[in-house]
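Let the hints inform the model, and build the full structure from the sequences given.
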Amino acid sequence: FDRDNTPMIAKQNMYFLPIKRSELSNNPNLEQTKGWENGTFDPQAGL
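Per my numbering, the sequence shown starts with residue 47, numbered consecutively.
Source of the hints: derived by calculation from the structure; they are not laboratory data. It should be emphasised that the depicted structure is a prediction, and the values quoted were computed from it without experimental measurement. All the pointers check out, no bait thrown in.
The following label-pair restraints were derived from C-beta to C-beta distances: (1) Ile55 to Asp88: 19 to 29 Å; (2) Phe87 to Asn51: 30 to 40 Å; (3) Thr52 to Asn75: 33 to 43 Å; (4) Thr52 to Asn84: 31 to 41 Å; (5) Gly81 to Pro53: 17 to 27 Å.
Here a beta-carbon is modelled for each residue, glycine too, at the ideal position from N, C-alpha and C.
See below:
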């Protein structure tokens with residue numbers, strides 16, 4: 047929340063948080079979000 051209505055600016059990879067390495071290791075069906083280390087999944091693809 048910004049009281050003076052100044053636009054908040056964030057890098058595109060910050061729109062989606064990274065998945066913990068332990069979660070990626072435990073579930074081979076998960077892919078890391080693009081923009082993070084070894085990321086291959088684009089959550090905005092096909093929108």
